[in-house]
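J.: If you want the building blocks of each chain, they are given just below.
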Amino acid sequence: MFGVFIFIWSFALISGTVMVWLLAWAIRRGEFRDLRSGARMIFDKDEPIGLVTDHFPGERKW
Amino acid sequence: MVADTKAGVVKGAPSDYEFRVEVDRSSKQVIVLYWAAALFWLTVASIAGIISSIKLHNPGFLGGIEWLTFGRVRAVHWDTAIYGFGGVAASGTLLWLQARLCQVRMPYTKLLIAGGLVFNVGILVGVVGILMGQSTGVETLEFPLYAMPFLVVPYVFIVIANFTMYFKKKSSHTYVSQWYLMAVTVWFPVLVLSAEACTNLGAVDGVAQAIANWWYGHNVVGLFATPTGIAAAYYLIPKVIGKPIHSYHLSLLGFWSNAIFYNWAGTHHLTGGPLPAWTITLGVVGSMMMFIPVITIGINHHMTMLGSFHLLKTSPTLRFAVMGSMLYTVSSFQGALEALRSHQEITHFTHYTIGHVHLGMYGFFAPLMFAMMYYAMPRLMNREWSSARLIRIHFWCTLVGTLLYGGAMCYAGIRQGMMMNDPSIPFLNIVQWTIPFLMSRTLAGLILLSGTVAFLINFVRIVTPHKLTWATPTMLDSDRDWKQILEAEKEAKPQHE
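Here the protein sequences come in this chain order: A and B.
According to this note's numbering, the residues represented by the first sequence are 1 to 62, in order.
According to this note's numbering, the residues represented by the second sequence are 1 to 497, in order.
No wet-lab data here; the hints were simulated from the structure.
Treat each hint with caution, since some may be false.
Claimed, not checked - Dumping the calculated DSS-like pairs for lysine-lysine here, alpha-carbon to alpha-carbon at most 30 Å:
#1 B/Lys313 x A/Lys45
#2 B/Lys28 x B/Lys243
#3 B/Lys170 x A/Lys45
#4 B/Lys55 x B/Lys110
#5 B/Lys243 x B/Lys168
#6 B/Lys55 x A/Lys45
#7 A/Lys45 x B/Lys169
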């Protein structure tokens, strides 16, 4: 029983520490600096903003 | 174009289109396997759900078969829904989306395929174990312990693949969907291992075990299914309509507030139970704080769609994604309010909770997984969905079935709770009063299953070679067609500069 408690608390401590480290790492890396261009990273030259990329099959109209 | 064979960034100088194709194709076998398995388990879960639903208004139904008694078949329904469909569909979504957002080839594909097969064998072992009467009796962890290694080990492969892709990503920015996907891979193993230790391995007893059980039961939905669904929505809605997220700042606030508050809410499931009052209060406070991520996500989804709602007519992906996003807001508001003691006085231990769970799982999570499949499968298979009609049938069955289920159960639950609070009404009268609603629940289940069958037919036809009906693919070569059309238009029309 004691061993299981040690396991659970160690696990929780390590996981929590990793998450805090991850947040600090992300801040240092500048992940939250340029959010405007971050929001646009799913678009590119071939699928730019303004292009609708899904239609019912056989019903695509231009 | 040159590409690494193992988890490498695609090298050379390909166009964005070639990049996407290369990345998508690298994940084809893994993702198709995962999603095909997920749809199989969804069908099993639906059939098991319908059987258990029929038993509620017709107790003699299949009453002579011991391995189909309510206690067994209902556990099979939930565990195949949450692990078979939810776990496998979410894993496929996680891997495909991460590869796309990182713009890297999917690594360790053979390992992921082997892991996917083992995981599905594990679910099968668990289902057989439950049907044989070897359920653990712990809600959401009913699979016998001997099935768990089959489920845990393959997940390690998914975690490794996810982190490998992330640390090799091409962009220096982490997109909001990636935050959710990375978090899921950290949270889920912690949840499962801790909960198994505290319940089935017997680290704690009695009330503490119930707390651990509901801490897990609540979080497996909120810290596994929900983040994957939101990650899908944050990719699909902007991508399909061609418009960035309304407020990217809010989207990140939503992620971190979800990460901080969701974990505390589980004990609200035990309101009225023999727990220390502070543990329940903690759950209620955590639930109230969930309004922050829910409102931020709701605002973002709605405001991003503003001005683009007409596209719901023409895009199957968008239909399912918007349905899922809207019902996320509805079911999350409902869930947060449900935590209040005054609310629980009426709705606890009634059909209301069942209605809420289905609005969340089949109204929010499942449609977003369907949306992801509708978007990705043509790109993976280089083949179009064979029938627009079957897609429409699937959508309307999903929407009508979910609303009928959620509406009937929530209304019946409120009335049932009010009657149960009135000591002058005999309990049997209340049970009899709910029977028409239990029948409508079976009807809703049949409608949802019909939609799943329509989707399965389309899925089998896109995976297996067949004669295509449509000459024009959805967007398989969209950018190329689009460029050609734009160039043709430019040539046809004089430029005004």
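J.: Is B/Lys313 within 30 Å of A/Lys45, Cα to Cα?
T.: Roughly 26 Å separates the two Cα atoms, so the pair holds.
J.: Holds or violated: A/Lys45 and B/Lys169, Cα atoms, limit 30 Å.
T.: holds, 19 Å
J.: Is the hinted pair B/Lys28 and B/Lys243 satisfied, with a Cα-Cα distance of at most 30 Å?
T.: Holds, because 27 Å separates the two Cα atoms, which is no more than 30 Å.
J.: Regarding the pair B/Lys55 and B/Lys110, is the alpha-carbon distance no greater than 30 Å?
T.: Violated: B/Lys55 and B/Lys110 sit about 43 Å apart, past 30 Å.
J.: Just to be careful, I want the Cα atoms of B/Lys170 and A/Lys45 compared with a cutoff of 30 Å; is the pair within it?
T.: holds, 16 Å
J.: Hey, B/Lys243 versus B/Lys168, does the alpha-carbon distance stay inside 30 Å?
T.: Between B/Lys243 and B/Lys168 the Cα gap is close to 27 Å, so the pair holds against 30 Å.
J.: Against the 30 Å threshold, does the CA-CA distance of B/Lys55 and A/Lys45 hold or violate the hint?
T.: violated, 56 Å
The structure fails hints 4 and 6 (numbered hints given earlier, in ascending order).
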